[in-house]
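There are 2 protein chains.
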Amino acid sequence: MGLTKTEIFTEEQNRLAVMLKAIAHPARIAILQEIIKSNTCICGDLVDELGLAQPTISQHLKELKNAGLIQGTIEGVSVCYCINPPVWNELREQMSGFFAAYDLKATCC
Amino acid sequence: MGLTKTEIFTEEQNRLAVMLKAIAHPARIAILQEIIKSNTCICGDLVDELGLAQPTISQHLKELKNAGLIQGTIEGVSVCYCINPPVWNELREQMSGFFAAYDLKATCC
DNA sequence: ATGATTAATCGTAATATTGCAATATAAAGT
DNA sequence: ACTTTATATTGCAATATTACGATTAATCAT
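Protein sequence lines, in the order shown, are assigned to chains A and B.
Its first residue numbered 1, the first sequence is counted upward by one per residue in the working numbering.
Its first residue numbered 110, the second sequence is counted upward by one per residue in the working numbering.
In case anyone wonders, no lab produced these hints; they're calculated from the structure.
Bear in mind the structure is a predicted one, so any value in this text is a computation, not a measurement.
Built from N, CA and C at the ideal position, the CB exists for glycine as well.
Accuracy of the hints is not assured; some may be wrong.
[To be verified] Counterexamples of contact, computed for chain B against chain A with all Cβ distances above 12 Å:
#	residue
1	Ala126
2	Gly153
3	Asn198
[As the list claims (entries may be wrong)] Simulated pairs of lysine to any residue, SDA-like, Cα-Cα distance not exceeding 20 Å:
#	chain 1	residue 1	chain 2	residue 2
4	A	Lys21	B	Asp154
5	B	Lys114	A	Lys5
6	A	Lys37	B	Thr119
7	A	Lys21	A	Glu90
8	B	Lys114	A	Gln54
9	A	Lys65	A	Glu34
10	B	Lys130	B	Thr182
11	A	Lys65	B	Lys174
12	B	Lys171	A	Glu90
13	A	Lys5	B	Glu143
14	B	Lys114	A	Gly51
15	A	Lys62	B	Asp154
16	B	Lys171	B	Thr182
17	A	Lys21	B	Glu199
18	B	Lys174	A	Asn66
19	A	Lys5	B	Arg124
Using the sequences and the hints given, assemble the complete structure.
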């Protein structure tokens, strides 16, 4: 108990859940928006930009990285983060499928 | 501590996080897919379809309903669930914005 | 080497989530 | 009224998440 029964679901469902869970936090949404907006990757700027402590930001970045949504490159003293295209596209396609499936349907009830 | 600092983020960021958090579980993804696939709304069928206990399914449905993603109509003894178009479209647009913003960018690092 | 800067990790407290057995509620049929 | 059928609620145990202070690790400049 207290543990998601991943073995019951398809690989696709589990992957999508992992990716969405990574995004499903306002801080991580804000981080992704910053990363996308500032074409050039950021790092410690996020600590100033958002009002969260450095360890907290670092942890959120780690979760986004674990889900594969972003990648980090060491750039001297700092770390440069950016979107990881393959996983980002995987997410985009999964969501497209979701929305497309509903488009054709009428409301019931 | 242990509590998300919602006051730090925009209303949009918080709303998107709530919607995504509701979807970000394999069981709830499976439920949404079933609801979308079976144009006609389902309810207890989900208990048979997925391999989870009735209270567990009921709880997942409640979370989806709380986020506004689905709506339930009492139909005699059973309850008929279906997508709630306004919120569903809100989510679709938010996600579109996300993906569109990245489209234009090149990879850095 | 020393100090400054940047980011990750550890430890911990507060809270949230997941799943289910047991029970409660509510409508329909008999 | 009583039983059946369908769903919701309650209570609880196991685990996960969120946030941050304190510390560590790693790179750069002097």
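Tested hints:
1. The beta carbon of alanine 126(B) sits about 5 Å from the closest Cβ of chain A, which is not more than 12 Å, so the claim that it is off the interface is violated.
2. Against the 12 Å criterion, glycine 153(B) stays outside the reach of chain A, whose nearest CB is about 15 Å from its own CB.
3. Not every Cβ of chain A is farther than 12 Å from the Cβ of asparagine 198(B); the closest lies at roughly 9 Å, contradicting the non-interface assignment.
4. Under the criterion of a C-alpha separation no larger than 20 Å, the hint pairing lysine 21(A) with aspartate 154(B) is inconsistent with the structure, at around 26 Å.
5. Of the supplied pair hints, the one linking lysine 114(B) and lysine 5(A) is violated, its CA atoms being roughly 29 Å apart against a limit of 20 Å.
6. For a cut-off of 20 Å, the pair hint linking lysine 37(A) to threonine 119(B) stands: about 16 Å separates their Cα positions.
7. Only pairs whose Cα atoms come within 20 Å are accepted, and lysine 21(A) paired with glutamate 90(A) is accepted, the gap being roughly 15 Å.
8. A threshold of 20 Å between alpha carbons decides the hint, and for lysine 114(B) with glutamine 54(A) the separation of about 15 Å falls inside it, so the pair holds.
9. Between lysine 65(A) and glutamate 34(A) the alpha-carbon distance is near 15 Å, which keeps this suggested pair within the 20 Å criterion.
10. Our distance criterion of 20 Å between C-alpha atoms is broken by lysine 130(B) and threonine 182(B), whose separation comes to about 23 Å.
11. With a C-alpha separation of about 30 Å, the suggested pair lysine 65(A) and lysine 174(B) falls outside the 20 Å cut-off, and the hint is violated.
12. Between lysine 171(B) and glutamate 90(A) the CA atoms are separated by roughly 28 Å; this puts the pair beyond 20 Å, and the hint is violated.
13. Restraint check for lysine 5(A) and glutamate 143(B): the C-alpha separation of about 18 Å stays at or below 20 Å, so the hint holds.
14. Only pairs whose Cα atoms come within 20 Å are accepted, and lysine 114(B) paired with glycine 51(A) is accepted, the gap being roughly 9 Å.
15. Distance restraint check for lysine 62(A) and aspartate 154(B): the Cα-Cα separation of roughly 39 Å exceeds the 20 Å cut-off, and the hinted pair is therefore not satisfied.
16. Taking the CA atoms of lysine 171(B) and threonine 182(B), the gap is near 13 Å; set against the 20 Å cutoff, the hint holds.
17. Distance check on the hinted pair: lysine 21(A) and glutamate 199(B) sit about 18 Å apart at the alpha-carbon level, within 20 Å; holds.
18. Distance check on the hinted pair: lysine 174(B) and asparagine 66(A) sit about 29 Å apart at the alpha-carbon level, beyond 20 Å; violated.
19. Using a Cα cut-off of 20 Å, the hinted pair lysine 5(A) and arginine 124(B) is violated, with the two alpha carbons roughly 27 Å apart.
Violation of the numbered hints given earlier is confined to hints 1, 3, 4, 5, 10, 11, 12, 15, 18 and 19; the remaining hints are satisfied by the structure.
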